[in-house]
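J.: Kindly generate the complete structure, drawing on both the sequences and the hints.
First to last, the sequence lines map onto chains A and B. Counting in our numbering, the first sequence runs from 1 upward without gaps. Counting in our numbering, the second sequence runs from 1 upward without gaps.
Hint data in this document are derived by calculation from the structure and do not stem from the laboratory. Among the hints, erroneous ones may be present.
[Claimed, not checked] Listed next, the in silico DSS-like pairs over lysine-lysine satisfying Cα-Cα at most 30 Å (straight line): (1) 142(A) - 52(A); (2) 52(A) - 113(A); (3) 142(A) - 228(B); (4) 137(A) - 90(A); (5) 60(A) - 150(A); (6) 113(A) - 176(A); (7) 150(A) - 179(B); (8) 179(B) - 155(A); (9) 155(A) - 171(A); (10) 154(A) - 179(B); (11) 155(A) - 52(A); (12) 90(A) - 186(A).
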Amino acid sequence: MKSTFFTIILGALSIHCALTQTIQDPIRDYLTSHDADRDTAMPGFQNLFVVKCDITNSGKQSILLSLNDYGGRQGNYWTAYLPTSGGYVKADDSETTLIFIKDMFYVGSVGGKYGLLAYAPGGNGGDLNLFQIINGKVAEQKVGTLSLSKPEDKKTLEGYFGEAPDWKSLKRYSVKTLNLGDLRQKGYDVDQAIQAAKAGNHPLYKPLTR
Amino acid sequence: MVPVTLTQLNYPTNCLPDGTDQGGTGSNVICCGTNSSSVAYITGDPVMPQLQIQVGNGSLSGMNVAWWMTATSDRPSLRGTNDDLRIPANTNVVLSISQPWEIDSYYGTNFFGGLCTVHYIIQDINGNSLAPEGQYQFVIRGRNPLPNTAHNYIQAEPFAVSTLYYAWGIAKHESAQDKYNAIYCQFNAGGSTMAFPNYGYPNGWGIFQRDDTGGGIPVTTGQVYSWKVNSDVAVQQELSQKWNSANNYLGNLQNNYSTQFQQDPPPSYTTGNGTVFAAVDALCMEAYNGAGSFSTLLSFYPSNAHGHRWAWHLPNAPQDTEPYVSRVAERMNTSP
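T.: This is how it looks when you write it as structure tokens:
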């Protein structure tokens, strides 16, 4: 009984530490940490997308990371690394996926709320979704529905995101693509990361709790 | 000035007002210019226009013509130079002036379209130009397949036969132009851009609205202009990849939580109209739409009590009041 109790306490402590752990190098963390979901995209890994923007309104840049073809038409699925003293902490996205098209996003105040505004295409237009970081967790709120047949909605879209191929987000924010060669050159063992993900069996998969 | 004539030998002659090609072709002269009489059509089969062009009526002799053709997208801001091509790639085709140039023998079954120009220079038999370069402009657009044809083709795709039995529902949903009561639209079924490739803002093309957002499988010229090429890539590459990812996600959970997984296998998903999809299939469809990571769509809580370990969280599709998978199920209510 006692040993079970201590095991639970130790387990809880280790989970707490893992959640609040300061990360020095978000790219290394992204490539070496596993989740049952993102690992499914790793066999096709060719490019790492790196976006730097102030998603927390702290005056400091967060680092958002995604892989090629990890996502769908609403955009890539991103992991957000938030600035903290001495490094970064990973935003909790266990309940909400941060989704945006890397060419089409806006960071700032929208309707009095600060966050990352994303466009999710669908129907004859789509939705505007605002992603916020609240207490370290990713939260999503639909802030508009757009119809492309309405000139005023088209104007709204272009106001935030611009127009192909001159997307405003590419000028406003740092949006970089690092291929496998770039990553190897920077000292990241991408081959090991891909192999480990392919194995598909990791005791480190974080169990969801509710 | 010697007249130049461009003819499409397989011009679709039996189309519905929405551009659905019911079969039947004939010969038709494609006028020089960019108006409605200057359009050659990809048929609903689909088959590229069989084009031939000739200077004069075949009675001239003692001269040659050097021919080549260029094509570029109708929408360069969206496609850039991806759809640009020159036929033949590096040379000209020199033929006697009495002969037509059968252009399609140079592109065969490769699909393309958009703004086209046939360039020609009349030469003496030694290759000296007798006149400045002439240009003959026209456009290539397309007709849509009969719904049954598209439905049957998609269902017969290799991976669809065994696994992706709902792929046709995705195509039908993605390409429907309800305003014109048209389904399986590779090309627009009405409006000012009728017969242009069916484009959905910001990156979707064709019958499956193939989309390479975020480093996905590239949308090639063939996928923009051929519903079969579009379907092949969507089903055999993109959807099969999504299905494998969904399956691997569930497999990863099974590997790590085998006891709990065995006690509580992944639950099926029932749509608003009562259609039941296996977990892997519902996840595959939602992934095609890009609704979120698998773990947020179907969450697994291994430490919960038996019977309470799974939870679906499918969001409504954009500009919609139902999840994407429900809309696909609705389209599958009626065949084709």
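J.: With reference to the structure, classify each hint as holding or not holding.
T.: Here's how the hints hold up against the structure:
| no. | hint | verdict |
| --- | --- | --- |
| 1 | 142(A) - 52(A) | 23 Å, holds |
| 2 | 52(A) - 113(A) | 20 Å, holds |
| 3 | 142(A) - 228(B) | 36 Å, violated |
| 4 | 137(A) - 90(A) | 9 Å, holds |
| 5 | 60(A) - 150(A) | 37 Å, violated |
| 6 | 113(A) - 176(A) | 27 Å, holds |
| 7 | 150(A) - 179(B) | 15 Å, holds |
| 8 | 179(B) - 155(A) | 23 Å, holds |
| 9 | 155(A) - 171(A) | 19 Å, holds |
| 10 | 154(A) - 179(B) | 19 Å, holds |
| 11 | 155(A) - 52(A) | 26 Å, holds |
| 12 | 90(A) - 186(A) | 21 Å, holds |
Of the numbered hints given earlier, the model fails hints 3 and 5; all others are met.
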